[in-house]
Amino acid sequence: MVATAVQGGRPRRPRRSWPGALAALVGLAVLVLVPVAFAWLRDPGGIEAALVGGLDLLGADAAAEALRDRGMTPLSAKAFTAVVAILVGVGGVWAYFLAGDAVLEHVVPSRLRAPLRAWLFVGPAIALVGVFLVFPFVATIWTSIVEDGGFVDNYRFALTDRAMLIAFRNNVLWLVLGTGGSVLIGLVFAGLVDRVKREALAKTFIFLPLAISFVGASVIWRFVYAWRPAGEPQIGIVNAIVTGLGSEPVPWIQTPWLNTFALIAIMVWLQTGFAMVILSAAIKGVPSEVMEAARIDGANERQLFVRVVLPMIRGTVLTVATTIFIAILKVFDIVYVMTGGKFETEVVANRMFSEMFRFRNFGRASALAVVLLVVVVPVMVLNIRRLRTQGFRA
Amino acid sequence: MTTTTPPPPLAAPGPLTRLRLRTGGTRLGARSPLVRVLVVVICALWSMPTVGLLISSFRHPADISSSGWWTVLAHPFETAQWTVANYAAVLGSQGMANAFLNSLIVTIPATLIPISLAAFAAYAFAWMRFRGRTMLFVVVVGLLVVPLQMTLVPLLRLFLQFDLAGTFVGTWLAHTGFGLPLAIYLLYNYMADLPRELFESAFVDGASHHTAFLRLALPLSFPALAAFAIFQFLWVWNDLLVALVFLGTRSEVGVVTAQLNELVGTRGDSWHLLTAGAFLTMAVPVAVFLLLQRYFVRGLLAGAVKG
Chain Z
0 MVATAVQGGR PRRPRRSWPG ALAALVGLAV LVLVPVAFAW LRDPGGIEAA LVGGLDLLGA
60 DAAAEALRDR GMTPLSAKAF TAVVAILVGV GGVWAYFLAG DAVLEHVVPS RLRAPLRAWL
120 FVGPAIALVG VFLVFPFVAT IWTSIVEDGG FVDNYRFALT DRAMLIAFRN NVLWLVLGTG
180 GSVLIGLVFA GLVDRVKREA LAKTFIFLPL AISFVGASVI WRFVYAWRPA GEPQIGIVNA
240 IVTGLGSEPV PWIQTPWLNT FALIAIMVWL QTGFAMVILS AAIKGVPSEV MEAARIDGAN
300 ERQLFVRVVL PMIRGTVLTV ATTIFIAILK VFDIVYVMTG GKFETEVVAN RMFSEMFRFR
360 NFGRASALAV VLLVVVVPVM VLNIRRLRTQ GFRA
Chain R
0 MTTTTPPPPL AAPGPLTRLR LRTGGTRLGA RSPLVRVLVV VICALWSMPT VGLLISSFRH
60 PADISSSGWW TVLAHPFETA QWTVANYAAV LGSQGMANAF LNSLIVTIPA TLIPISLAAF
120 AAYAFAWMRF RGRTMLFVVV VGLLVVPLQM TLVPLLRLFL QFDLAGTFVG TWLAHTGFGL
180 PLAIYLLYNY MADLPRELFE SAFVDGASHH TAFLRLALPL SFPALAAFAI FQFLWVWNDL
240 LVALVFLGTR SEVGVVTAQL NELVGTRGDS WHLLTAGAFL TMAVPVAVFL LLQRYFVRGL
300 LAGAVKG
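Chains as they are written, first to last, in numbering that gives the first Met the number 0: chain Z, 0 to 393; chain R, 0 to 306.
Since the hints were derived computationally from the structure, they do not count as laboratory data.
It is possible that part of the hints are untrue.
As the list claims (entries may be wrong) - Part of the chain R face toward chain Z, derived, beta carbon under 8 Å:
hint : residue
1    : SER66
2    : GLY67
3    : VAL71
4    : LEU72
5    : VAL145
6    : HIS209
To be verified - A few chain Z residues that don't get close to chain R, going by computed Cβ distances all over 10 Å:
hint : residue
7    : PRO208
8    : LEU209
9    : GLY230
Even for Gly, the Cβ is constructed at its ideal location relative to N, Cα and C.
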């Protein structure tokens, strides 16, 4: 008895006191209310009904009546939804944790607290990952096997249909030229920009497209590629240059083969900044002594870059290339907005969207998603293996 | 990132804290005029498409279709050639103001909810020991690069069944689910690198995990939280795929990217509307990006890009 008290050190808080029980009760109520509030938010009219109810409750009959009669203006209803959403969504998350903590402290026997607290912390995130990623992952594979024409038919279409062969050819072009172009230009610019005065400013110019959406970029480049019949003034800068040099204007977006290259250029424009920033940091990480030594040995600047710097940042180049590769593999928006997959510009991700959303061929669409997945599996495995060797404290 | 870009990482090159970005260094050799010219040319080439869009969005519709945007560079101060009517048209009759509001309604909760959830989860992975911890984390890391396309068909069906299709709530939940692996991974890397002694002495002094999380882990992880917030904000704001599949294009819920895409489809030759509309959709992410570039770059360098 005495020994335990001494060992325990701190005086223990009395448990199951009234405020404690109350906190737990409030906690349980919050735990129930957050999902209810979310369910209620689904219906846009629900907000209005709740507001009317609230005004009734407060005794503001005239205001409630007015609202019932005229309804809310769309703008105010929307603004109100947004505010309630943020309160319920974000407030709800935090209320859940505080309430869960109160329940743990006051209701749960102390022996169970440690494991339950861990689950209180990871539970909601894991549950959402389960519902939004793990379950669909399995369900998509299943759908690709049992729906539409079944396994054989879906994958025969995915791998051998003429339209799909064009998509694969284009995807290969995208992956090779898009990844290669972004990394190469990013690398060259990172090497060059290290040698000018206003480096940060110059980098911002290249980096900025990274903040622009694929849709926005598509509109920007539709304008760049804009085509008018010969003889009319060209408003797209590319065709203005082409006609200025004396050639016929080219309908870049409608001309097969050329158009895929034109679309890939958009992706390179967007992704080069990403490559440049990471590679620039890697270049700055090369020790000065190494570079000095190479210079003393008589290396010129280009040799220094190609023979000394490049081998030292090889790992980073590979990481950057992989990341861009995966981004390009999933490219959908650019093709969807620019051509919708017409004029032989189809890619797998856009076809997957069409099969799902336009033709409602869920089995085929799922098979195409699985094809995309198979390509990234090596990267998944690599990520997990790296985790095991470094980083994660088991 | 793109970003939306974004497709995730091979495991990170190193914690956010240790990065020092030196700028203006001349270690790669002397400044030469040739290098300077090359840099300026590339910068000009890279900004030209955006500049053309911006200039055109302020020109009269008839001017846009009768002469190239670069012709104004010869006489930029003729005020009669400039107008903001394109913006008024696209905001009003083309519904962009409404879509803008919808985008805010989608993006803000879809950024804040996953950060909150991921912060708790990352803390648990970093500082608690529980059964299944390693396995769960492996799953999270494995999911970093899974193409979104793998989830669309089953989720669309699930949403139809639970009346979540075409609602903001469903879209927040979807973006939250898709953003969580990266958020957990990024925050875990940061939180696990916080000094162990700090937490040990807090626990010795009687702090609970709850206190340690709120008072130590959360404030100290600010750079990582900011980095993820920017990624997620840009990703959600710029997203078209999730918006088309789960939210749709009705004016009650359609976001700016969906609305701009509609404009391309219905008014594909009305360049005065397209340029102004495109610039409006870009304004918010570009502003966020320029203001918070420092956190964004740190986040990128910590191995965080999402797809």
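Against the structure, the hints come out as follows:
1. SER66: holds (6 Å)
2. GLY67: holds (5 Å)
3. VAL71: violated (12 Å)
4. LEU72: The hint is violated - LEU72 (chain R) has no Cβ within 8 Å of chain Z, the shortest such distance being about 12 Å.
5. VAL145: holds (7 Å)
6. HIS209: Since chain Z brings a Cβ to about 5 Å from HIS209 (chain R), closer than 8 Å, the hint holds.
7. PRO208: Answer for PRO208 (chain Z): violated, closest chain R Cβ roughly 7 Å.
8. LEU209: It is violated; LEU209 (chain Z) is separated from chain R by about 6 Å at its closest Cβ, not greater than 10 Å.
9. GLY230: Consistent with the label, GLY230 (chain Z) stays out of reach of chain R, its closest Cβ about 13 Å off (over 10 Å).
The structure fails to meet hints 3, 4, 7, 8 from the earlier list, while all remaining hints are met.
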